[in-house]
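S.K.: Join the two chains, each given in its own frame, into one complex according to the hints.
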Amino acid sequence: MALLTLAPPSRAPALPRWLGLEGLVIGGAILALIVLVVLPVLSLVAASVWDKGLTGGFFVSALGSTANLRALGNSLILGAWTGLLSIAIGVPLAWAVSRTNVPAKGLIQLTATLSYLSPPFLTAIAFVNLFSPNAGVANVFLREVVGIDLGFNIFTMSGLVFVTVLHTFPFVYLLASSALQSVDASYEEAAQILGASKLRTALTITLPLVAPAVLSGTLLAFVNAIALFGSQAIIGLPGRIVTLPTRIYALFDYPPQYGVASALSLLFIAITVIALYLQRAFLARRSYVTLAGKGARPQLMDLGPWRWVLFAACVVAFFIAILLPYGTLIAVSFSKSWGLGFWQNLTLENYRFILVDYDVTRRAILNSLMLATIAATVCVVLGTVISWIDIRTRLPGRKLLDYAALIPLGLPGIVMAVALLQFWLKMPVALYGTFAILLLAYVGRYVPLGVRAANSSLRQIDPSLEEAAQILGASWGTRMKEITLPLIRPGLFAGWLLVFVPVIQELSASILLFSSESITLAVAVYNLYETGYTEPVAALAIVNMIIIAVAIGIARQFGGSRIGLKTGS
Amino acid sequence: MAGIQINNLSKFYGSKEGGAAVSGLNLDIKDNQFVTLLGPSGCGKTTTLRLIAGYVTPDAGTIRVGDRVVSSADAVAPPDKRGMGMVFQNYAVWPHKTVFENVVFGLKLRKVPAVEARRKVLDTLAMVNLAGLENRLPNELSGGQQQRVALARSLVVEPGILLLDEPLSNLDAKLREKMRVELKQLQRRTGITFVYVTHDQAEALALSDQIAVMHGGELQQYGSPDDVYRRPANKIVADFMGIVNFLPGTVEPASGAAAGGLVVAVDGVPVPAPVHGTFAPGQPVDLAVRPESVRLAGYGGEGRGAEAGRLSAVVTDMTYLGNLVEYWLQLDSGTALRAQTHPLERFSIGDRVGLSIDAADCSVFPRAAGAAH
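The listed protein sequences correspond, in order, to chains A and B. All letters in the first sequence, in the order written, are residues 1 to 569 by UniProt numbering. All letters in the second sequence, in the order written, are residues 1 to 373 by UniProt numbering.
Everything labelled a hint here was simulated from the structure, so no lab data went into it. No false leads were slipped in.
A few chain B residues facing chain A, derived, Cβ under 7 Å:
1. Ala53
2. Pro79
3. Asp80
4. Met84
5. Met86
6. Phe88
7. Asn90
8. Ala92
9. Trp94
10. His96
11. Phe105
12. Gly106
13. Leu109
The beta carbon of each residue, even a glycine, is placed where N, CA and C say it ideally should be.
Bound-form chain B, shown alone (with noise of 0.2 Å):
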């Protein structure tokens, strides 16, 4: 078993000052953890899981297994010689060969007697839920089925380190939902460090013990799943993680580190926010709030809101969603946000509502320009 050290990491594609696909990454996935690199495509977070792999050779910089170096700009260990496991996006699945013949491919290679491959192999397959498969063709099987024999061919060698490239892209949504349980408690019973690839947002929360958002080849965050939804480093990054509102507002004179906290004035209404960062009073900032932190209620009807003390807007539009709502609002001063709140709670489009934010829950940017980076 093995933790993964990636210091400085760089990939130029064409010349060096156009395309970066990775660059300055630095990055400690630590033995036995599920770490998920996340971002939209062309983010560089499959780059960096080839690079990884050895698929690819790096400008800059080093990727470390334990206390070898193996990659650098002058060296790189050829992925048949790095011991680890990989899952392709398109399966990858070899069509010529039997699920078994898929599967016990490595351990030929790895010269494992007949009789004991036979055994790991029919182990694994069960393990992926496969068992009496092993005679099939790939093309007589479905592509969950298929997806299971890439798993099974990486896990039956037993590897330090699994790669998972967009494992679950191509499946439908329930069967999603049914493999990525299956995976987590994969990891969870073999120990092998995960390095999992994807774009959904949802399922790197769902899966992760660690997650780094990547954008434009840059690290932008490295932190639990809790970590990256509510305290998003910065605003890619909480634009990233969910649907996020971003309410301009200014930094109040009163506010310091004795109340333990920011307050910031939306719509010239006092908010509270967390600290981090510093920021001088007065200074424009933007107020980062999921929509299930915004909490509505009835209005009373005395008056606009920076009258009241208090933050209210007027119901634009609205989407029943199921199991929530969600409305479309306008503040007084014309900033659009949304919200989600239990159906229970109904307003109707055209009602006044009276907005309360979580503190706890967002977060605050700097909005000069530039600022985002």
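The following block holds chain A by itself, in its conformation from the complex (with noise of 0.2 Å):
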């Protein structure tokens, strides 16, 4: 049965057969990745420097102005604080969890994956209903039913860190506490037996092979925090506390300044690369020394009754992290008229109004969730093809390729939206306000998530799978179909999951590049919280989270067992 026949000659060894089912799959990512990414970003450089001629003008601008400069400092103080609290919050917490017999460890484990997915707008608005300073819920019941004015104002740096660090704190959390995991107990034992304390031990042993993960960690929650165009605009606005991103938004307004918005987002950009360029190089100086392999788990440090404290103390973080925003969001939902006497005040109006007579706000409903599921569809797809590309192939430039993928991790949401803007507003096919730009700006931002989700899978996959296959007769879209997609499937739907949650919520693009026909959900929180429609805002808030709990349900159901939510971002 020698089915021998000869593949026409061709010039590139490393691809043979190039017009096939393969060169055509490799072919079209690799040209979405520079639609997407690439062009995006080189004619934001360009228009940065470029108005009739090269010129270095509106970066003059960009670092001239008292504004500038001013939502600059902010942006810098907003993430040096986040960072700096992530670390006090995640750090005990991870300690806790992995290394002590503190109980209810599952709580604190829920309370970092849902601090992580609830996108932080929410949680503003929540604590703005709170603690506004006339109207906030908090206030008015403690100077009215308590009689002590202690006047809490969220509209502050410090609420703004407060609410922004409710959101961050889980980067640092899920990496410190996978660090102490993964720390081989054999060399705290080997310390031990060499006379070292426990507190010795845990400052120069322990604390050293994780402090790269930690910081690692830390470097994340900073440039997802100065990245939120939602928190920063709901809290900072009203305290005119202007940062980056809402400097950025602000410079769009008539009579929009494209070059200096332009100048400030590469800034941006640079601020962001070089946090995860470090971020990187933390996280790569980790590998050296830890993840031993396979020994001994760490012992746990048996608290006494200090656990009971440390409990108290996990408690309180799920209490302020979860519990009170989503109990105020699903209260106010459910309220006439938010303020106290609660109970007398009871209705559905505002989800009849956000579900069924508002058509705003159905039709960003619909919109969201066709948009999600495109995107996370196409990101994976596309994170499948880059991956395989660089795993599986010796096709020339494939690591380019990945490193183009990796772009968009430096792009905080409103720059991919003025680079898109920059881009496709010079093309002559009109995409503004269209559903396809939105869409260009979710694939474009979150490809990185569904390339990482796949590269992972597929590493797991020895190639002699492939190979067995293909030796057997298999062309390359039968051992995709039977062999690799089907291995990778938990992988990919986790991927999925990973980039249906944040289009579903995604507020710092959408804001710049939505019509009322195109409009989502996020903006259309955003918007009705403008107007003042409080109730409805609340409403529509829990509309979005039923919609990624259902999500996150029906994924792990066509997923199988092993879809958990990933540690790290």
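M.R.: What follows is the structure in structure tokens.
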């Protein structure tokens, strides 16, 4: 049964039969990445230095105006405080879970996961409902019922940092706890047998081993914190705290200052890229020392009665990060008018309004569902092809492709939007205000998550599994369909979820790109909030969270048991 | 069924000057033979196998199967068009398919009707002693069973050529022995040409019709197991095929073709040796002697070996191995050597023993620098 046929001569031995299915898919993925990421970023660069000729004027005004400099300063302050506080919350929690006998570890894990999933602009809205200086229910309650006016004001830098930390501390928590769990117990035992005390061991052995992971988590927290448009607009703008995303957004008010916005965007990219570069460097160092493999599990420290103190701290964290904001949102969503006297005030009217009566929110929900489904699917497909090229082929330049797919990590949402606007406004196709440009923004922004999910799954599949099918006569398409895709399916579903969840609540890029036809869920929430519809906003927020919960349920169902939320980002 | 002709095959990795994974390989694999590519890791044997399979494109040279060129520097028939079979070192049994689904895969691709395919799969599973396990998933099987699934999957499509990449290296010693016998029988029964890669010389000797010993990307010797073991082409082969002693000596002037052999003076004592190659009288050489070709005898005590015209040595260490005893010896010149004898002959550390060397089973190699290549 020897089926010997000779392939037509090919100039590029790395890519035989390049016109086959394999070639078309690879070519398509490369083209997609260029259109999605490379060209918009290049046009952003061009727009920042080109105004009927090469000019440095945009950078001069970007760095010359006090408004811009103040925005830059505020962003850095916000990022720094958020990073520090993320350590202060994330590391003790991580230590408690991985190294002590604290009770209810599941609660801590749940707190971290839910905090990570919660859209920060919803948390921001929840806390505005509680702590805005006049109408905030907590302030009203203290003033009118308890009789003391503590005058909490959420519209401050502290308020902004507080709300942001609730979203970013899981980055530190997740990286630190996985590092703490992977430190081989024998390292610590070796120090103890030599006579080091527990404290000394912790300070001289454990801490240095996990420090890179903690730093890396902190930098991720920093990068994420400064990129959040929603919370910075909701809390920052009433308190006149302008940050980079809100400043760039303001530059698009009439008359739009594209050049300055581009220059400021590039500055924003530079900060993000530097932080991410450091983060990767720290994480790379981590892999030298820990992860020794199948060492003994670390011994859990018996805290005695102190574990109840730690437990109380964990419960407080759960209360503040989850119960308080969601309890508030749920309560607001069922209120005729938010305030004291909640039980006299119950109604389902808000849900009817956003789901039935008001066509904008109805449309926004459907739009977001559709966009998130398509974007997640495209990201996973694209990610699979790109990482397959990287791992399984010897295509020249495949590393470049891999790097290109990482670029969006360095692009805050609003910067992605500016880049897409710059690029597509110059193109002969009218994309502005369409679904297409939102889809491009989402896919472009989140394709790294698709690549990463596919990459880690593919690496676990030995190439010989594909080769075994090939030698039996299976074409490329058959190998993908029969062997590779079924094997990486659980990882792909996890990746799909990883894209779907942030896209459903995407605000930073959407806010510049939507039109009344293509309005999305997060934009609708923001617009309703801006116009003062407090109660329907809360209802919409709850709908948002229900959609996310359902998506997680469905993805678990289809993806098999292996799906869990990824640690790290 | 088909043979494989490999002509002047080369594959470079990285820069062309730097790494040659395979260079200038010529190999003629006859139909129905069990041929082993043998060598240490990095010798190019696996690359050669992957070149034959078509996973790797050669930089020079050709591979023919029957009368067709399947690989050359500018055209390669992809693996899926070669109709070969391959068994991988890690088995590569698909974990998401049952045993039956694994084995039937190739038949489905060949559009074999379901009823016939089922019969063939069950027959093949019976042949590899897996009858009754067809509905299991791979993670419910032992390593040896997974290996049989991999074999069955390759055999069921009746390939003319079966490639095996260290298929036994992940099995424990007992199972390896058993599978070794089964593989040999399978090859005889099916008449498929087996190309087998291993670094285990005992495995190669036990299984093969022909062994290709490779080192540094080059073919060192291609011959029967007896050839490569008893008549190694060079020191590398002699060294790789098992324990060997290299005894320094010089070619005696008197020795010549007339005697049908060569005489090498070791420690001043003339030792007869077989000729392959040309040697000049007085040339420094190494005499390669396997430990089992060294015979030991009690020594009378009549002075140093050279004076008595007889090799002698002192026992410096010994290891009891059960079926034989291994002695570490030191010749009078200081040269160390190993000998293996039947456990009935016993000597103690410190004993002086007389040595004799089986002329037929040793080889002579020039000792000049670079002579090894």
